[in-house]
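K.L.:
Now for the letters of each chain:
Number of protein chains: 2
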Amino acid sequence: MTAKEELEPFFAPKSIAVVGASRKPGKIGHEILRNIKLSGFSGNVFPINPGAESILDFKCYENITKIPQRIDLAIIVVPAVDTEAAVRECGEKKVPAAIIISSGFSEVGNTDLERSIIEVAQKYRMRIIGPNTFGIFYAGSKMNATFGPNYVLGGKTAFITQSGALGLALMSWTTEERYGVSAIVSIGNKADVDDADLVDYFSLDESVKSILIYMEGLKNGRRFFESAKRAVKNKPIVVIKAGSSQRGAQAASSHTGSIAGQDIVFSAAFEQAGVMRAESMTQAFDWIQAINENPVPEGEKMVIVTNGGGIGVLATDRCEKLGLSLMDIPADLKEELRTLMPSFGSMRNPIDLTANADDEVYRKMVSILLARKDVHGVIALFCQTANIDPLLVGEAIIASSGGGKATKPITAAMVGGHLSQVAYSRMLEKKFAAYPTAERAVDGMYALIARRRELESRK
Amino acid sequence: MTAKEELEPFFAPKSIAVVGASRKPGKIGHEILRNIKLSGFSGNVFPINPGAESILDFKCYENITKIPQRIDLAIIVVPAVDTEAAVRECGEKKVPAAIIISSGFSEVGNTDLERSIIEVAQKYRMRIIGPNTFGIFYAGSKMNATFGPNYVLGGKTAFITQSGALGLALMSWTTEERYGVSAIVSIGNKADVDDADLVDYFSLDESVKSILIYMEGLKNGRRFFESAKRAVKNKPIVVIKAGSSQRGAQAASSHTGSIAGQDIVFSAAFEQAGVMRAESMTQAFDWIQAINENPVPEGEKMVIVTNGGGIGVLATDRCEKLGLSLMDIPADLKEELRTLMPSFGSMRNPIDLTANADDEVYRKMVSILLARKDVHGVIALFCQTANIDPLLVGEAIIASSGGGKATKPITAAMVGGHLSQVAYSRMLEKKFAAYPTAERAVDGMYALIARRRELESRK
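If you read the sequences in order, they're chains U and B.
Mapped onto the numbering used here, the consecutive letters of the first sequence carry residue numbers 1 to 459.
Mapped onto the numbering used here, the consecutive letters of the second sequence carry residue numbers 1 to 459.
Okay, chain U solo, but in the shape it has when bound (with noise of 0.2 Å):
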């Protein structure tokens, strides 16, 4: 069995059992229960609790054992010192995966019931994620098998979470920020399931575009480092790695039980697998963003065009100090540029349009440098003024760059107030790289022009 064929009952099961289902609202047996039938998930469901005729509508079950057919996944949430005798009888009733959400394992010291339930599903040939997990969010199964909010939004992204709070956090603010994931794993203690094998298993799974880690540690680094090199191949591979200081690498310690390790020894293999190191969440989401919604650029001449001589200065300042190159403006495309610039604009790049510069200017502007052989990559900034509106240029500026299905990578920011963040907004939900600074609009660049160098070094 392949490890994708291993794993694919976690994220596409027919059927799941929910072993320790609660009736009352709040509690976690419940919650889950509730996420995953509001999620629209069409497989059957079966709630275990020998108290209870019926959860949700699910007729509930005594005993995993008693179900009267195949179940291809097992979410565990009974207290920890039963958790053993569940994860047995799921291993008798042959259930190939099991997610354990109870804690009061290895992160409060207790290894030996955690070694212990492993041995017992390796006997079962059963794989585990958990303990001490929220659970998994599948977009393709339409699967919220978490006790987290129950409504996000699907996207691109696979997100594997180490910190449960922090991901049930960015659960929520995926969604609020339109960026939207195709998984959500909570991988907690990594007893079995880890996050090499989870790195294999999205760098085959075609709705994912990149995959996005929150980690602090890792137990088996070099098997770690072996998945991602082989993955970042097909997709890219964004980590937040804390712990990076000392106290940092205490509190993870003190966290999750894992060994931060020397923060320049991650920092040197992460470079070499090809994984791409964010330095803080925004920075994170800013690259995932543009990685999710753009072809990779074809060469590493950029183009800015914007309607404020600041932003522009600001976005160039930033692309120098990240090493992507401007590129000069030939002579044909100025000849080519000039009816659409006032006299006291700029041909330089960045291309300063003026503040009069509308969404008429924007779309073919925009256009007219994307169709350019020369060109490779466009950051188009907006700053908002008296009398343009940010709506239609931020419109604009999609139209132009085909829509979503751009051939060539753009991003954008739109700098205001109201009408310029609604303007973000939409741009964001039209699966457009929008930021709502310059600087962020070029760290989005960058994001591609790495993934260039990543690809071009492996040729």
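Check the hints yourself; a few may be wrong.
Heads up, the list lumps identical chains together, so a pair's fine if it works in one copy or across two of them.
DSSO-like cross-link-like pairs, simulated, lysine-lysine; straight-line CA separation at most 27 Å [to be verified]:
| hint | residue 1 | residue 2 |
| --- | --- | --- |
| 1 | K364 | K27 |
| 2 | K93 | K229 |
| 3 | K219 | K209 |
| 4 | K219 | K321 |
| 5 | K334 | K301 |
| 6 | K4 | K235 |
| 7 | K334 | K37 |
| 8 | K373 | K59 |
These are calculated hints, taken from the structure and not from any lab test.
The hints should help you fit chain B onto chain U, whose structure is shown.
P.N.:
Okay, now just chain B, sitting in the frame of chain U:
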């Protein structure tokens, strides 16, 4: 006359004349008059327009000299070719201050005209802001003498901008993001009044708690750095200095005609003067927000409280990166906190309250920490979980820190989806330094530590 007295008419005029006022909505000469009218300015307003009886209910005059009372501030909106005559008439009327909105001067190479206007003004001892500006907003006089958005939220920062478009966009941004500003000055070509004058002025202005400058270049560097060094004694100055890259400097030069100069020289001079240089717009506002809403800490010992291990670790990493020291929690404080902590929480710093911590736990925790002599500042982090209300947690953090009258600095991060973002936004409204990510809450606290170090170094 002191510099303060000389610039007073720009910010607290009793009477304003708009030279070149227009009846046509959309025209700059109309929009400025409209903004002055709608902003609640209580002084007298005189549109100058020889062809109109009245505009927006203000009686028109053919010429500024015809106005039968003293004029403190003239706003000149006539075409460039007519500005010299307008300035001369203002001089004859003994107007002490004029803002020249009109463009078409040194920014397009027309330096001779600019110079001759200033010569005329100097003859009459009139001070000039501009030319090529969008005007001034000053909360203390309820005066919006700009052609930007009408409604601008009042606040504690004087914002000086060399870029018009960026300044206009940020006018809207500061309102939408609930930062607010005490003043916005579009400084234009700086033909007369420059950054140094304004820094002198705002350093003595009690409505101003911090000064934020978007700068592309300086004409008289020495003067600016001397003013800045003096002003920083009274209040912090944050600068976004664009043109740090070679191409960026070129763009700045074509944009405002200023020479950006060697970036490394600027950096050294900023540091020597005690001016904080931000790397991005986001960072500048994150700093300003923490500075405006908090006292300077009495020491450097910081404590992080969190309900999520992950964001705790990320914040800790960021602290170490920025040189912020997290204190070791002493035994007696641990004793005090014990009742608030679940058994599996961590009393190391970051203090991990774990996911069950509700508003009551935050309220007590923050109160205890802020009451301690040995704690100099608190960074409170909240990760949205399934069952805790971010709005209540936000309220609790504000209440326990003195409801905006904190005696010690505190910053907070509210990480998550819709509810966290609402909570964050409400905290901003209540003048609390809140952020959407843990890293940014640390960045805010960093600004306060940097401020402390600056003041200590001057002792």
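K.L.:
What are the numbers of the hints that this structure violates, sorted from low to high?
P.N.:
Hints 2, 7, 8 not satisfied by this model.
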